[in-house]
Amino acid sequence: MIEMSGVGKSFGAHEVLKGVDLSVAGSEVVCIIGPSGSGKSTLLRCVNFLESYDVGDVRIEGKLIGYEDMADGTRRPMGARALRETRREIGMVFQHFNLWPHMTAVRNVAEPLRRVRGLPAAEAAERAMAMLARVGLSAKAHAYPSHLSGGQQQRVAIARALAMQPRLMLFDEPTSALDPELVGEVLEVMKSLAAEGMTMLIVTHEMGFAAHVADRIAFIDDGRIIDQGPPRHVLHHSKEPRVRQFLQTYHDRNAF
Amino acid sequence: MNPDVLWRYLPSLLSGFGVTVLCWSAGGALGVVLGFGLALLRRLDFPPLRWTLRAFVEVFRGTPFLMQLFLLYAGGPYIGLRLSATAAGILGLGLYSSAYFAEIFRGGFATVPHGQIEAAISVGMRPLDTLLRVELPAALIAAVPAIVNMLIVLSKETVVLSIITVPELMYQMQTMAAETFTAFDAIFAMAVFYWLLVEAVSRLGARAEARVTAYMASEGARA
Numbered sequence: 001m002i003e004m005s006g007v008g009k010s011f012g013a014h015e016v017l018k019g020v021d022l023s024v025a026g027s028e029v030v031c032i033i034g035p036s037g038s039g040k041s042t043l044l045r046c047v048n049f050l051e052s053y054d055v056g057d058v059r060i061e062g063k064l065i066g067y068e069d070m071a072d073g074t075r076r077p078m079g080a081r082a083l084r085e086t087r088r089e090i091g092m093v094f095q096h097f098n099l100w101p102h103m104t105a106v107r108n109v110a111e112p113l114r115r116v117r118g119l120p121a122a123e124a125a126e127r128a129m130a131m132l133a134r135v136g137l138s139a140k141a142h143a144y145p146s147h148l149s150g151g152q153q154q155r156v157a158i159a160r161a162l163a164m165q166p167r168l169m170l171f172d173e174p175t176s177a178l179d180p181e182l183v184g185e186v187l188e189v190m191k192s193l194a195a196e197g198m199t200m201l202i203v204t205h206e207m208g209f210a211a212h213v214a215d216r217i218a219f220i221d222d223g224r225i226i227d228q229g230p231p232r233h234v235l236h237h238s239k240e241p242r243v244r245q246f247l248q249t250y251h252d253r254n255a256f
Numbered sequence: 257m258n259p260d261v262l263w264r265y266l267p268s269l270l271s272g273f274g275v276t277v278l279c280w281s282a283g284g285a286l287g288v289v290l291g292f293g294l295a296l297l298r299r300l301d302f303p304p305l306r307w308t309l310r311a312f313v314e315v316f317r318g319t320p321f322l323m324q325l326f327l328l329y330a331g332g333p334y335i336g337l338r339l340s341a342t343a344a345g346i347l348g349l350g351l352y353s354s355a356y357f358a359e360i361f362r363g364g365f366a367t368v369p370h371g372q373i374e375a376a377i378s379v380g381m382r383p384l385d386t387l388l389r390v391e392l393p394a395a396l397i398a399a400v401p402a403i404v405n406m407l408i409v410l411s412k413e414t415v416v417l418s419i420i421t422v423p424e425l426m427y428q429m430q431t432m433a434a435e436t437f438t439a440f441d442a443i444f445a446m447a448v449f450y451w452l453l454v455e456a457v458s459r460l461g462a463r464a465e466a467r468v469t470a471y472m473a474s475e476g477a478r479a
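Taken in order, these protein sequences are the chains called R and P.
Just so we're aligned, residue 1 is where the first sequence starts under the numbering used here, counting upward by one.
Just so we're aligned, residue 257 is where the second sequence starts under the numbering used here, counting upward by one.
Treat each hint with caution, since some may be false.
Unchecked claim - Selected chain R positions facing chain P (Cβ under 8 Å, derived; list incomplete):
id : residue
1  : N48
2  : E85
3  : P101
Bear in mind the hints are in silico, worked out from the structure with no lab data behind them.
Cβ atoms here follow ideal geometry from the backbone N, Cα and C, with glycine treated the same way.
With the rest of the complex left out, here is chain P (with noise of 0.2 Å):
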């Protein structure tokens, strides 16, 4: 270990850290709500569009991120889509993680019910107010937990990043490691940002869960 050497490099570690939070989140919040937007389209009574949106999640789930990172990043301007690597990594992240997102929620939807729905179609609920109003309060609340364990993987995946240059906090730990050769003292850095950051969301999940839960808790009374 090395204290000087951590010392020298922490405003580039913390910028790194910086960055990799803002992709993870803007990643993650661009995946949560595309997959949202994707389990809403599954449910339409639509073959053709079934099909897409199940090849899309296959696709996604199927193949590397770091595959689909790199054919974003290096192939995308061939198609006339020219990101800087942030942009990419952010992009990547959201389609990335929105196909699991779409099977997250769709699983969420699955949990309701049929009887909660059928009592809202009996006293005459129109189909939107149903969704909002009994189906997707239901499904979020199942979804909860698998959503902040998909957000605590995702936190992990941001160091691929570092392969399209993205100053992130593993780019930034590879640039010390180089520089200084202290490939431990690097690596033990950059895992306890990581850990901090893991244990940031995993708490924010649990209070976030027993919010949203909160209703479920017995008081005693019977169900």
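Just chain R, with the same shape it has in the complex (with noise of 0.2 Å):
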């Protein structure tokens, strides 16, 4: 569903990506861990573009994401239309959630479907609280985001992505800003969505949650991929001593 292949991406100077392949299949539940710094978020935002990416191909669906290819083999940037169209077919999920502040949380999952999907609002609102209800808030459908906790907020946006019904879903560090006992009803969310079948890439720093439903695990680190396979292999079993020193500070921090 998702390929990548050679993306490379600088701001500036610094050189954030160095040359990533990655491929999602569809249906397939991947996570990408790394150290802070390393180019996970960006990557992931290369995907829908929210983060253009300098060289190297994106393509979801065989579909050249950002850029358009010309017929005398240079590129130029995608039309700001075709661009839209194909986000609208990925759910994003941010670390901040980012709802808006002034609707209600069923406003905010209908929003898009009234203004992208061109849904009436009676229908819009409807779907919006099928899919309120499926991230189990449904009583709070009325309540304003700084009515709710960061967990409730996420599970919001989750909702207001999947309203879209997206082809496959990017979480970019969807539990690093809850508070411990929060995280758990998010991931419960994300699990039941991996297990209809949802295609999902995902930036995290949950090892328990990338190891029990993760397909794939890719290893980042200062802008390239340097190691992925199953679970049990990355997380277990890398050969690559970047990967091990990784995952050790985890063993440690979290043996108590």
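Each of the two chains sits in its own frame; use the hints to bring them together as a complex.
Okay, structure coming up:
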């Protein structure tokens, strides 16, 4: 579903991504782990072109994202409309939820349906309610984000993305901004999504979640994927010293 | 204090108050609308336009209102702009305050976290919808206290209009003082009227603020 090859990206002189190859098949759940500053989030954001990449290809179902290949072999930026149409099919969940604070939970979910999918208000609201029910928040439908806990806000954000019926979902550290006791409710929703066969690419620090839910884990360091494979392989049998060192700090911290 | 004089001049003071309220509200409304337009135009990625708008703001914020008003009223006819004193006063207040309102709205837009805009982009929302549905409400809400404040400042700037003979409160007060030699009474009467106006504006402002920020008020639930 997603094929990335040779993806490179620099912020000025700082090269954040140094030729990344990564693919995600339909219904596959792939977790990206690695130290902070390694380029995980940037890579994820290249998939829906919130971040532009400089070289390489990002393709979704074969279609190049962010650029158009010209007949003479050059590239030009993708048209704004085409880019919007592509983004509709890709759900994204952010670390800081990014709900719209002046809208209730149900409006947050319904607004894209109305403005982007063009649904009538009543139908959008109905679908939004169904989505909120799915993430267990029917009772909070008419609450504003500031009246919801972080975990509830993130579940609303997931419902907002899901309501658009995306073909794949991107999660950018969805639990990193949450109090520890609120992480579980968000991971539960994500687990159920995975079980339903949603294609998911997840940047996360939740190793336990990655171990149990991911089909594959990719470890990224300094702009390169240095190891990837089934969770068992990456988390327990990686031959890469950098991976082992990184995971060791996790084990140390969680051993009490 | 001379109640008889006050009573005799009450009609003219009241009419002055009416003119003041008219100039203030029309000028303020013009300023808000113009300022909002300026702030929107400044978002366009077209450098010459941005510089022009910036220059406009700098000129109107950087020079005394009295001078602007003189230029408009006395200098206007030279460029074919022949306005009545009241019309010039309203236009002057509008132009002058638009520079401030433009900055207030710009500040409002700046308070909208980029993540909220990214969320709109990520669902494929068009830029216009993103502006209208996501940025604008949040920006306006953030700007309300500063808008109310500016309107209060503006209500007091209206006294300057007396210089170009707009028959507003200050003008009537001066007439009364000159005709009756009761400077203190006249100033006292004017102070009362202004206090009424400012009080009304700030109360309305407080209500508007409470209304638009209601969604942020905590109801015991935690953020």
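**OP:** Identify every previously stated hint that the structure contradicts and give their numbers, smallest first.
**Re:** none
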